[in-house]
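Asks: Here are the chains, one letter per residue:
2 protein chains.
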Amino acid sequence: MNRSVGDYLDAGPGFAEGEVIERIEAFRRRRPRLRDDIVTLAHGAGGKASAALVDAVFVEAFRNPQLESLGDGAVVALPSGERLALSTDSFVVQPLRFPGGSIGHLAIHGTVNDLAMTGAIPSWISAAFVLEEGFPIDELKEIVADMADAAAGAGVAIVTGDTKVVPKGAADGLFITTAGVGAIPVGRELSAASVRPGDKVLLSGSIGDHGMAVMLARGDLELEADIHSDTAAVSELVEVLLAAAPATRWLRDPTRGGVGTVCNELARSANVGIVLDEEPLVVQPMVAGACEMLGIDPLYVANEGKFLAVVAPDEAGAALAALHAHPLGAEAAEVGEVTEQPAATVVLRTPFGGTRIVDMLVGDPLPRIC
Amino acid sequence: MNRSVGDYLDAGPGFAEGEVIERIEAFRRRRPRLRDDIVTLAHGAGGKASAALVDAVFVEAFRNPQLESLGDGAVVALPSGERLALSTDSFVVQPLRFPGGSIGHLAIHGTVNDLAMTGAIPSWISAAFVLEEGFPIDELKEIVADMADAAAGAGVAIVTGDTKVVPKGAADGLFITTAGVGAIPVGRELSAASVRPGDKVLLSGSIGDHGMAVMLARGDLELEADIHSDTAAVSELVEVLLAAAPATRWLRDPTRGGVGTVCNELARSANVGIVLDEEPLVVQPMVAGACEMLGIDPLYVANEGKFLAVVAPDEAGAALAALHAHPLGAEAAEVGEVTEQPAATVVLRTPFGGTRIVDMLVGDPLPRIC
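These protein sequence lines map, in sequence, to chains A and B. Our numbering puts the first residue of the first sequence at 6, with every later residue one more than the last. Our numbering puts the first residue of the second sequence at 6, with every later residue one more than the last.
Chain A on its own, in the form it takes in the complex:
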């Protein structure tokens, strides 16, 4: 079960003040704790278990000002004062090719998008390959061609790399790790800390396409549907948004863990409430149908060409108009708002006036989708 876990709340459109809220907030603010002795697939799903692993193992050991929950881009300052973003992702998706893209596209788009979410102009990419002995060279060439295409489309150069080969059986075909670097224009400040109650939450398009496309491409479900990954570089669309809404507070691409998990991370780190509206959330009919049949909430399914933006209330209209004018933002919508209470909590408002709490993803219903 990976629907929003546990605690359903049905207190109607308004929230009762007092003890109930306080208890919920206290619960929400608790960081997940690592209780495992061994690594499980859930630790790689981008949800609660991932956060617990990152906290207990990586943040604990590497603690420094830039390191905010491994998995985001870091912002660092050069001696000259110029600010750079640095980001990395490993890609282990199976199958390597799926409707709408391949591991090669993902490896570029994923890192380009992570950089764009910091406000940086993505510029340079490194690519490291772990290859399994016996992997066909022709297949490698095709994947590398996809990377070259994706890089050209995103305006980035793949400037350095590495190749390692492990014996047959020691890896699963190939894994690609990219890292990216870009400069952040002067004056651009995006952070969870700048998010304020009253701000609007925008989403650049439909949700769930990538995760479901890969899931179905795997072929081990008895389900066929014409679903294509949305893998794309959103860096150009981010520039369009920031030009129209320069006071934009925060950006994030809802990849592993989906919109539900990413909104929880924001709610916790900014200590605000996020109230999402179900009605404007776009889920393609095929994706909605597949999610329904598999009992998966599209709020937790990964996307690879979308982003969430928190914008100032008075810039939301201009932001949406600008997004709609770009092909990748045609289905952009205002999907929620930032509230003071319940702090550190994400709530979904249904079209019928009900509400339910949206937790972080628990477990991993869709392993290896990126």
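Heads up, the list lumps identical chains together, so a pair's fine if it works in one copy or across two of them.
Mimicking SDA-like on lysine to any residue, the simulated pairs with C-alpha atoms at most 25 Å apart in a straight line are: (1) Lys146 / Asp60; (2) Lys146 / Ala175; (3) Lys146 / Gly158; (4) Lys146 / Pro104; (5) Lys146 / Gln99; (6) Lys146 / Ala57; (7) Lys173 / Gln99.
To be clear, the hints were calculated from the coordinates, so they are not data collected in a lab.
Could you slot chain B onto chain A? The hints should help.
Replies: Same frame as chain A, but now just chain B:
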């Protein structure tokens, strides 16, 4: 067989002019060609097959000014004119822990050293983990602690990262990919193109320690010897060298493929001859003995805490004195010189006045040493 391949030359201390030299040079200048349909372990060894794969697959697809044979650090210029180095490496070493270090130390030292070889001040590191389901969390914590120690020692911060988990059997414990960024001080220009006949070749210490330490730690050879990896960050030692010898032309750490392969890459890209002297090359007695018994030439064994430097002839003395004053450079030596002929060729001069051509590494006698 991984001794220097084929062509042995025994023309004495001087070289005959004419047709023989011309033919050798033409042969040397040929880039290795990819003839395989599938990936083999040799493609990951850092020698001839790796160069062929990189040329045919990666350079071909990603072609851009910064990309010089994937595997080095790239130097890029920011809009402000400030120059940055970006480098990446995947680490797949087995066993994960060996005398003198672990995959955690290597993952930091490897990337720090690659940056240092460009003249950059290594500053920020990203770390991406591919974990196999079932990997013990305690072992992960130890490796991560090694990374934190190595980073602290090298003066770099691990600022961002990623964690992916693959099902049991889809990876071999864990793989770590690091990328690193550092700024290059103004006026510092290191490149193969600046290497001139008459320049001196320095080596910062003994060779073969890392590769043989990992090889023996694997335990599948019936050979025991007290050999420790030399894994270390050489960035501080590089600063010491550059302060004493500011006209230094080129730096390179002889990791996979060893000193033999790295010198060949320099000889080819600068179109010069490199004449190495066997006598001053330091090989620890235990390493020399193990190499002898296994039929492996230490010139092709990987190092992880050493570098080669090509320095101006009039600065060689100052450079050596400075290196000797630092603990990591105590055994530094002048090991050769740059010649005009035979171009694109590396020659080893034995203590008895004989010479032999040193080719790039062929095959992979020591898989997964980094």
